[in-house]
Amino acid sequence: MCRKVKKGLNISNLINKSTFALNEKFYLESIFLSHAIIEERLRSLLLKVNPTLGGRNKIKQCIKKINKYINNEEYLFNIYFSNDETNDLLKEILTWKGKRDNLIHEFEKNYDLINDNNKLKNIANEGDNLMRSLNTIVMRWKKNALKQKVI
Amino acid sequence: MLIKLENSIENEFYFESLFILASVIENHTKNIMKKMTEKPRISFEDSIEFLFEEKLISKKLYHKLHNWKENRNNLVHNLILETIDEENLYCIVLEGKETLNILKEETNV
Chain W
1 MCRKVKKGLN ISNLINKSTF ALNEKFYLES IFLSHAIIEE RLRSLLLKVN
51 PTLGGRNKIK QCIKKINKYI NNEEYLFNIY FSNDETNDLL KEILTWKGKR
101 DNLIHEFEKN YDLINDNNKL KNIANEGDNL MRSLNTIVMR WKKNALKQKV
151 I
Chain U
1 MLIKLENSIE NEFYFESLFI LASVIENHTK NIMKKMTEKP RISFEDSIEF
51 LFEEKLISKK LYHKLHNWKE NRNNLVHNLI LETIDEENLY CIVLEGKETL
101 NILKEETNV
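Same order as they appear, the protein sequences are chains W and U. All the letters of the first sequence, read from the start, carry residue numbers 1 to 151 under this note's numbering. All the letters of the second sequence, read from the start, carry residue numbers 1 to 109 under this note's numbering.
Treat the hints with care, as some may be off.
Said to hold, decoys possible - The calculated label-pair distances, taken between Cβ atoms and stated as ranges, are:
#  : chain 1 : residue 1 : chain 2 : residue 2 : range
1  : U       : S58       : W       : Q148      : 53 to 59 Å
2  : W       : N72       : U       : N31       : 39 to 45 Å
3  : U       : K59       : W       : E92       : 41 to 47 Å
4  : W       : R56       : U       : N88       : 19 to 25 Å
5  : W       : R132      : U       : N31       : 33 to 39 Å
6  : W       : T136      : U       : K39       : 39 to 45 Å
7  : W       : K119      : U       : D46       : 27 to 33 Å
8  : W       : N118      : U       : L2        : 19 to 25 Å
9  : W       : N83       : U       : K104      : 49 to 55 Å
10 : W       : N78       : U       : E106      : 50 to 56 Å
11 : W       : G55       : U       : E98       : 16 to 22 Å
12 : W       : S12       : U       : N88       : 16 to 22 Å
In short, the hints are calculated from the structure, not lab data. Remember, it's a predicted structure, so these values are computed and weren't measured experimentally. Built from N, CA and C at the ideal position, the CB exists for glycine as well.
Chain W with its partners taken away, still in its complex shape (with noise of 0.2 Å):
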C-alpha cells in the first residue's frame, strides 16, 4: 500500500475512533484524536505548498502561517481560505485549542472541571465538528491543488 492511501486509511480510522469515543463518552480520547488530526492536516497543508513551512510547528503556528499566505494565489489559499467561514474556522480551531489547552493545565488542580461532563462534552463535540470542517476544506483544496499541479 502507498504512503498517501495507507495516511488517509489512517486518518479515516482516527477520526472514527474520535466518533466512537465520543459517543461512549471518553470525551478526553475524543479531544486528543481531534487535536491531533487538526494539528497534522494544518502542517501537512503547509508542507505540501512548501517544505520549509510545515515542519513540526503546533496549530497556533500553522494557522499564523496559513494567514499570512492566505491570499496566495499560487497555492490556492485565495479559493480556500481566504473566505469568511473558512476564516471563522481557523479562528474557531484556535479558540478550541485554548479550551483543550485549559483543560491540561487544570488537571490536577480542579476537579470540578474534570468531573464536568456536560462541559468535556461540548468540547469534545466542538473539536469534532471543527476537525471534520478543516478536513473537508483540506481535501477540497487538495484535489483542486493536485489538478491544477500546485501540488
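Add chain U to chain W, keeping to what the hints say.
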C-alpha cells in the same frame, strides 16, 4: 482523576489515558519548578532537567521521564502515518503510570 485514568485503561481508551498521564506528569514537574523559581513559562523538558539538577529526582526517574516523553511524542507524531499499534500504545500507558507513581513517591506527593 485516578479513577478516570483507571477507567480509560480498563475500557481500552488508551489515548484518554495518555491525555491524563501527560497532563498530570507535566503539570506536576512544572509546578515544582514554578514554585521554586517563579518562572512564568516552563517547558516539560526544562522542568525535568531542573528537578534532576536540584537532586529532587533520581537518575532512574530522570531517564524514565525522558524516555516516556520521547515515546509519547513519537507516538503522537507518527499517529497519522502509521497504523495504531495498540500493544505499543498500551505499553506507553503502563510506562507512564509507573513513571507517575515513582514521581509521586520521590517528590513526596
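Hint by hint, here is what the structure shows:
One distance hint, 53 to 59 Å for the beta-carbon pair U/S58 and W/Q148, holds here, with the actual separation near 58 Å. Hint check: W/N72 to U/N31, Cβ distance near 43 Å, so the stated range 39 to 45 Å holds. The hinted range of 41 to 47 Å is satisfied by U/K59 and W/E92, whose Cβ atoms lie roughly 45 Å apart. In this structure, W/R56 and U/N88 meet the distance hint of 19 to 25 Å, their C-beta atoms being roughly 21 Å apart.
The hint said 33 to 39 Å for the Cβ distance between W/R132 and U/N31, and at roughly 35 Å that hint holds. For the pair W/T136 and U/K39, the supplied restraint of 39 to 45 Å holds, since their beta-carbon distance comes to about 42 Å. The hinted window of 27 to 33 Å between W/K119 and U/D46 holds, with their beta carbons roughly 31 Å apart. At roughly 22 Å, the beta-carbon separation of W/N118 and U/L2 lies within the given 19 to 25 Å, and the hint holds.
The given range of 49 to 55 Å is respected by W/N83 and U/K104, whose C-beta atoms sit roughly 50 Å from each other. Roughly 55 Å separates the CB atoms of W/N78 and U/E106, a value that falls within the hinted 50 to 56 Å. Judged by the Cβ atoms, the range 16 to 22 Å given for W/G55 and U/E98 is violated: they are separated by roughly 32 Å. Look at W/S12 against U/N88: about 21 Å separates their beta carbons, and that is inside 16 to 22 Å.
Violation of the numbered hints given earlier is confined to hint 11; every other hint is satisfied by the structure.
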